[in-house]
Amino acid sequence: MVEIITAFITKLTPLIVSITALIVAILKSKKEIENTLPKKIQKQCSIDIEITNRLEEIKEYLKADRVQIYDFHNRRALC
Amino acid sequence: MISIIGGHYANGRSALKTSCSFEVVRTGVKGHQKELQSIPLTCIPRFVETLLNKKELVINNLDDIKEIMPATYELKKDQEVASFFDIILNNKDGEPIGFLALQYCKINSVNFNREERNEILKLKFFIEENLEKMVMKK
Numbered sequence: 001m002v003e004i005i006t007a008f009i010t011k012l013t014p015l016i017v018s019i020t021a022l023i024v025a026i027l028k029s030k031k032e033i034e035n036t037l038p039k040k041i042q043k044q045c046s047i048d049i050e051i052t053n054r055l056e057e058i059k060e061y062l063k064a065d066r067v068q069i070y071d072f073h074n075r076r077a078l079c
Numbered sequence: 080m081i082s083i084i085g086g087h088y089a090n091g092r093s094a095l096k097t098s099c100s101f102e103v104v105r106t107g108v109k110g111h112q113k114e115l116q117s118i119p120l121t122c123i124p125r126f127v128e129t130l131l132n133k134k135e136l137v138i139n140n141l142d143d144i145k146e147i148m149p150a151t152y153e154l155k156k157d158q159e160v161a162s163f164f165d166i167i168l169n170n171k172d173g174e175p176i177g178f179l180a181l182q183y184c185k186i187n188s189v190n191f192n193r194e195e196r197n198e199i200l201k202l203k204f205f206i207e208e209n210l211e212k213m214v215m216k217k
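Protein chains in written order, with the numbering used here: chain E, 1 to 79; chain R, 80 to 217.
It is possible that part of the hints are untrue.
[Unchecked claim] Among the chain R residues that face chain E by a calculated CB cut under 8 Å, a handful are:
id, residue
1, LYS96
2, VAL103
3, ILE147
4, LEU154
5, PHE178
6, LEU200
7, PHE204
[As the list claims (entries may be wrong)] Here are a few chain E residues that sit away from chain R, every Cβ distance over 12 Å (derived from the structure):
id, residue
8, MET1
9, ALA7
10, LEU12
11, LEU15
12, ILE16
13, ALA21
14, ALA25
15, GLU34
16, ASN35
17, LYS43
18, ILE47
19, THR52
20, LEU62
21, VAL67
22, ILE69
23, TYR70
No lab work stands behind these hints: they were computed from the structure.
From the three backbone atoms N, C-alpha and C, an ideal C-beta is built for every residue, glycine too.
The following block holds chain R by itself, in its conformation from the complex (with noise of 0.2 Å):
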């Protein structure tokens, strides 16, 4: 899913980013999308690396990720997350094609129901679903 074709380093390996592509967010809470455009994933390898892993990742306070991984930590911070869930986004094949992020300014916010975690699954796969029709109609 992720084009082979596009940017490089110098040894002709694949230069792979993330944009945030939509954002929503609550009435007085900073929108950061434009600053979140293009970021490598070099940057952020352990934080890509865990999500790719467990398909899902849940922090309850953004210093338990301060020494492992100190760039999503600070990535993070500069938005004022205190605690946040995020979840991998797949195409038809189950390839990787981004992620879902729930953030919170307040730590330990993030202890979902099942029947909260169904509504995030419902979101995730409306969500593949409807990327996938951007793609076909390209």
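Chain E extracted, bound-state conformation (with noise of 0.2 Å):
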């Protein structure tokens, strides 16, 4: 009985190190996540600024109506 026990403790002991693992794995990348998307909205967000801003220079200096900037792309849609 005591040998049956021991086998099955032994056996079991790995997958629950392996289930702790992926777990400890999931939780960090959702963390991970979580940390980096505000930054890259926050970096995206001032260079959008940034570019935005110089339009409205040229629009000024060259006095135009209206300044576009257009993307190739193969997507459905941007926005």
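Reassemble the complex: the two chains are provided individually, in unrelated frames, and hints are given to aid placement.
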């Protein structure tokens, strides 16, 4: 009986270790995504604002009525 | 630069499009960014071809392109454009990624001197550099 229990525990241990490692990895990734995404949005916004400011400047300098930037792409829609 | 994945036509040909990603307008001038999304390049082939070949396009009277680029004419006319200057934007490998458009509601408004052209080129390089940063961050 003791042998059976010992064998069971021996087989179960790697499984528990693997599951724990997987959970830890998932939680870590989730935290990383949470930390990275807002930063990316912030950086993207600052670049967007910089570009828009430069477009405003050239619009005034050249007395243009409208200044646009077009992107070539292969997606269904950009927004 | 233009992704090979994404939308395709039935024969597998890539369905390339262009979208207005930035727009600034003078007070009282209507913005059109929302309507200018995902325009198939097949709708404006002559315009795109000319822009890719010449790298820039100066039109001082929109009526000048009425016959040769009818779809582009309609597109610009809907925006009440009378004259415009478009210049191609490239990535660091020199491949086209889009274009910068300067538009005027009056004809014969595109007559830039050397200093003004330099400012446009500076802006072009600034945009290219910053769009590249956005790509690298993804």
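Hint-by-hint comparison with the structure:
1. Checking LYS96 of chain R against chain E by beta carbon gives a least distance of about 6 Å; that is within 8 Å, so the hint holds.
2. The interface hint given for VAL103 of chain R is met, as the beta carbon of that residue sits about 4 Å from the closest beta carbon of chain E, less than 8 Å.
3. A hinted interface residue such as ILE147 of chain R counts as satisfied when its beta carbon comes closer than 8 Å to some beta carbon of chain E; here the least separation is about 20 Å, so the hint is violated.
4. Given hint, LEU154 of chain R at the interface with chain E, is violated; its Cβ is 11 Å from that chain's nearest Cβ, farther than 8 Å.
5. Hint status for PHE178 of chain R relative to chain E: holds, with the closest Cβ pair at about 5 Å, below 8 Å.
6. This hint is violated: LEU200 of chain R has a C-beta 11 Å from the nearest C-beta of chain E, more than the 8 Å allowed.
7. Against a cut-off of 8 Å between C-beta atoms, the interface hint on PHE204 of chain R is violated, since the closest Cβ of chain E lies about 11 Å away.
8. In this structure MET1 of chain E is separated from chain R by more than 12 Å, as the shortest Cβ-Cβ distance comes to about 59 Å.
9. Every CB of chain R is more than 12 Å from the CB of ALA7 of chain E (nearest about 50 Å), matching its label as outside the interface.
10. Residue-level check passed: LEU12 of chain E sits 42 Å from the nearest beta carbon of chain R, beyond 12 Å.
11. Its beta-carbon lying about 37 Å from the closest one in chain R, LEU15 of chain E satisfies the requirement of being farther than 12 Å from that chain.
12. The claim that ILE16 of chain E is not at the interface with chain R holds, since no C-beta of that chain comes within 12 Å of its own (minimum 38 Å).
13. With a closest Cβ-Cβ approach of about 29 Å to chain R, ALA21 of chain E is found to remain outside the 12 Å limit, as its non-interface label requires.
14. Even its closest Cβ contact with chain R, about 23 Å, leaves ALA25 of chain E beyond 12 Å, as expected for a residue assigned away from the interface.
15. Its beta-carbon lying about 17 Å from the closest one in chain R, GLU34 of chain E satisfies the requirement of being farther than 12 Å from that chain.
16. Non-interface status of ASN35 of chain E relative to chain R is upheld: no Cβ of that chain comes within 12 Å, the nearest being about 15 Å off.
17. With a minimum CB-CB distance of about 6 Å to chain R, LYS43 of chain E fails to clear the 12 Å threshold, and the non-interface call is violated.
18. With a closest Cβ-Cβ approach of about 5 Å to chain R, ILE47 of chain E is found to fall inside the 12 Å limit, against its non-interface label.
19. The Cβ of THR52 of chain E does not lie farther than 12 Å from every Cβ of chain R; its closest approach is about 6 Å, which violates its non-interface assignment.
20. Some Cβ of chain R comes within 12 Å of the Cβ of LEU62 of chain E; the nearest lies about 6 Å off, and the non-interface call is violated.
21. VAL67 of chain E, annotated as away from the interface, has a beta carbon of chain R within 12 Å; the closest lies near 5 Å.
22. The Cβ of ILE69 of chain E sits about 4 Å from the closest Cβ of chain R, inside the 12 Å cut-off, so the non-interface label is violated.
23. Look at TYR70 of chain E: its CB is around 5 Å from the nearest CB on chain R, not clear of 12 Å, so calling it non-interface is violated.
In this structure, the earlier hints numbered 3, 4, 6, 7, 17, 18, 19, 20, 21, 22 and 23 are contradicted, and the remaining ones agree with it.
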